[in-house]
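Enquirer: Start from the sequences and build out the full structure, keeping to the hints where you can.
Residue numbers (the numbering used here): 178 to 518.
Think of the hints as simulated: they come from the structure by calculation, not from any bench.
Predicted model only: the values in this text are computed from it and were never measured.
Glycine residues also receive a C-beta, built at the ideal position from the N, C-alpha and C atoms.
Everything hinted at is true.
DSS-like, lysine-lysine: derived pairs with alpha carbons at most 25 Å apart:
no. : residue 1 : residue 2
1   : K287      : K443
2   : K454      : K287
3   : K451      : K373
4   : K287      : K372
Label-pair ranges, simulated between beta-carbon atoms:
no. : residue 1 : residue 2 : range
5   : Y374      : S481      : 55 to 65 Å
6   : I308      : A492      : 30 to 40 Å
7   : M301      : K410      : 20 to 30 Å
8   : M301      : Q455      : 17 to 27 Å
9   : V502      : M301      : 22 to 32 Å
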Amino acid sequence: MTQEQIADLMQKGENSLAGLASGIFPTTRWGAEAMISFGELSGLFNILIYIGFSILVYMVLLWLGELLYLRGVVGMSETGSSRKKNSSFMLEKEVEQSSVVSSYFLVELKLLFRTPIYFVNCVMINFLWPIFLLLPFVIEQESRSMLQKIIPMVNNPDIVGTILIASFSLAFFLGGTNGTASTSISREGQELYIKKYLPVSYRQQLTAKVLSGFVLGVSGIIVFVACAVFLLKLSLWTAFLIILTAWLPILLTSLTGLLIDLYNPKLNWDNEQKAVKQNVNLLYNMLIGLLFAGVTWILLPFSSNLILTVIILLAVYGLLCVLLVKALFTLGVNQFGQLEV
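Expert: See below:
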């Protein structure tokens with residue numbers, strides 16, 4: 178937005194600038210109205226709404242923090258404990274048998290969600306990319322004008338194959354930047370030896386680690402597609418095809434990330450930040466994702482045939498995923514057994 182456009186908004190009256198800002202920060206309008214009408218009853222009413230809404234948001238965030246984060250965590254993994262009495266019914270419920278892989282998978286997710294550093298760098302990043310890439314179309318006037326030109330293009334049936342290839346390549350990029358799998362061994366740190374004494378096979382542990390990265394990555398893809406449907410008016414059929422194929426890049430980059438971290442783990446750290454933010458394995462996996470994203474565009478000449486494009490994507494990258502799974506369950510399991518702190 179240019180300076181002239183900002184000046185026009187201010188001169189239009191009716192708090193046009195405040196209305197634009199409130200689209201991004203909801204409390205802006207109430208704060209602006211309170212300052213404008215400071216000597217009137219409406220000003221007092223607006224400031225009370227402003228304060229009340231801010232307190233409400235604070236309480237919700239506080240509740241979410243208590244729900245998601247480990248108690249007592251302030252940048253480090255300091256955990257607290259509490260004692261409580263369990264009834265026989267609750268005890269029976271807690272000891273219900275479940276799949277070993279699913280149980281270990283839930284443990285991985287809880288650790289990711291409850292440790293702030295891991296949450297920001299491994300979980301939140303999957304949902305920030307849609308905002309980074311699509312938010313300009315909402316805020317900037319020039320981008321909104323461009324959006325009106327893009328909408329008819331993405332809904333052209335003749336280029337659905339091209340859209341599929343582009344989204345497939347984008348999924349490789351998103352999967353490569355997802356550090357969940359590519360730091361999963363490094364995050365164990367000095368406690369890696371404990372994993373070798375668990376009554377859980379190495380194969381099951383590695384499967385759970387791949388699943389944690391895969392589920393978070395696919396969730397990010399679904400959010401991205403939902404935003405595209407809302408902003409770009411993407412057809413539901415095209416959205417379905419994207420989700421049908423885009424899970425493969427997420428799985429492939431999760432497998433490559435875990436294999437890289439198995440052979441080059443960063444286990445000696447005294448702060449969680451070093452395990453994820455100073456881990457070069459994430460960069461290696463990102464480069465692999467970018468490489469596959471570029472190679473995918475080789476299929477562009479076949480994009481006019483949608484069915485053929487879908488078959489090639491599923492067949493080629495599905496085969497690669499099968500080969501990587503076999504490598505993980507043989508070479509990866511052997512390497513995991515040899516790791517020492």
